[in-house]
Structures are given as structure tokens and as C-alpha cells.
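All chains, please: the whole structure from these sequences, using the hints.
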Amino acid sequence: DAGVIQSPRHEVTEMGQEVTLRCKPISGHDYLFWYRQTMMRGLELLIYFNNNVPIDDSGMPEDRFSAKMPNASFSTLKIQPSEPRDSAVYFCASSPFRGGAYNEQFFGPGTRLTVL
Amino acid sequence: AQTVTQSQPEMSVQEAETVTLSCTYDTSESDYYLFWYKQPPSRQMILVIRQEAYKQQNATENRFSVNFQKAAKSFSLKISDSQLGDAAMYFCAYRSPYNAGNNRKLIWGLGTSLAVNP
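As you go down the protein sequences, you meet chains E and A in turn. No gaps in the numbering here: position 72 of the first sequence is 86 in this note's numbering, and each next residue is one more. No gaps in the numbering here: position 98 of the second sequence is 158 in this note's numbering, and each next residue is one more.
In short, the hints are calculated from the structure, not lab data. No experiment lies behind these values; they were computed from the predicted model shown. Among the clues, some could well be false.
[What the hints assert, rightly or not] No more than 20 Å apart at the CA atoms, straight line, and that leaves these computed lysine to any residue pairs for SDA-like:
#, chain 1, residue 1, chain 2, residue 2
1, E, K38, E, E25
2, A, K115, E, K38
3, A, K115, E, R112
Here it is as C-alpha cells:
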């Protein structure tokens, strides 16, 4: 399996621009997670989906952030408009569902976002 | 709410030596899952080892082992025969049991940066 795929790997944009991050989870995984990592705040869960349905978006910082999962093999995280404080590494992770088992999360390589 | 604490922001170890990274957590649940993830400079998050709380036996994966003390709510990671490739950030994480609400979320510690000296 190719693992979780994220694109782009790096994104540099100017304040006010729209940014779209993309994720392809591991085939057959039921859960998809979006994280943000910064030095100040560590690893933060933004939102996660189960079978394409958002389950918990309490970590989404504000209305400028939105996430969608139109099908089982694709998800996007959009920031509009972007601000310098959004600069971070954004990770996508996916997890299978096996009742009672570990169901660990498998991470993508991350997207390093820089907002100037 | 559950919390995870890694009290050592930075650690270092000599190559071939053994190092232990600390992790404590707070929970009222009796069954749960614990994980250690490694994040090398490439930033790829990699699962190192995992433990289910009801299992008394400490998990082991090659040179990596844990010391799971349920009563003390402690889950330390021991790396034996440290190698240069072990240099990374190490994160401890907690997950609620299968039958708990919102049980897919991982609760993360802030990480420990491990340096391996040649």
C-alpha cells in the first residue's frame, strides 16, 4: 500500500489567499484525521471523519477553516483567507476500524504551509 | 478529560546506550490504548509501539520496550542499543476504549526531542 498521500508537500502563499490541502487515505480505512503541528501548540486535532462524515470538528480554529471528504479516497482542508498564524505543518492520518483492536493512526508526510 | 504529559522536552543518549523517555497520563477510564510515535527530521510520524491497558505484559518491539505502570499511570519508553537513526521527536498518545464516546481521538503529549550522540 502507498500509505497516506498528501499534497502538496510544501505550500508558500501570501496572506489572504485561499489554500487547499489534499489527502488520500489508505484504502479501506474508515477514519480520516486532520492535524496541525506547531512548535508552540504541538500536535492539534482539527477534525476527523468516519465513513466520510465529520464526527468532531471542535478543533477547527475558526470559520476560515473548512474540511470536506466527498468520498472514501479523498479529503481536503481549506483555509480561506489564510493568515501568517496559519503557518504550520498539516498532517492527514487514517485509521481502520476493527472492533476492540488498536486501530492505530497512519500518518501522511505532512504539508508544510507558510503564509507570508 | 484525559491528559498526557511528557516531562522531558529534550533528552540525549550516547550511541549504543539505553535511554528511557517518560510519559504520564491522567484518566478515569479502566481500559484504554497507549502509543509511542516517532517523528524524525523527515517529519513522518511513525508508530513505534503500542499497549492496551488491560494487558499486564509490557509491549516490546525489537530495541523498543515500554514500562507500563497502570496504577501510577505511567508509560515510559525504553530504547536499547541506541542508534543514530533513533534521533527524533517522540510522542506519547492516549486513546479511549472502543466503546467510549468519541473514542477515535488521540490525546497527545508535547513530545520529547531525543538526540543520539556518536
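Structure-based check of all given hints:
Proximity of K38 (chain E) to E25 (chain E) is assessed by CA-CA distance (about 17 Å); at most 20 Å being required, the pair is judged to hold. Using a Cα cut-off of 20 Å, the hinted pair K115 (chain A) and K38 (chain E) is violated, with the two alpha carbons roughly 34 Å apart. As the CA atoms of K115 (chain A) and R112 (chain E) are separated by approximately 18 Å, the hinted pair is consistent with the 20 Å bound.
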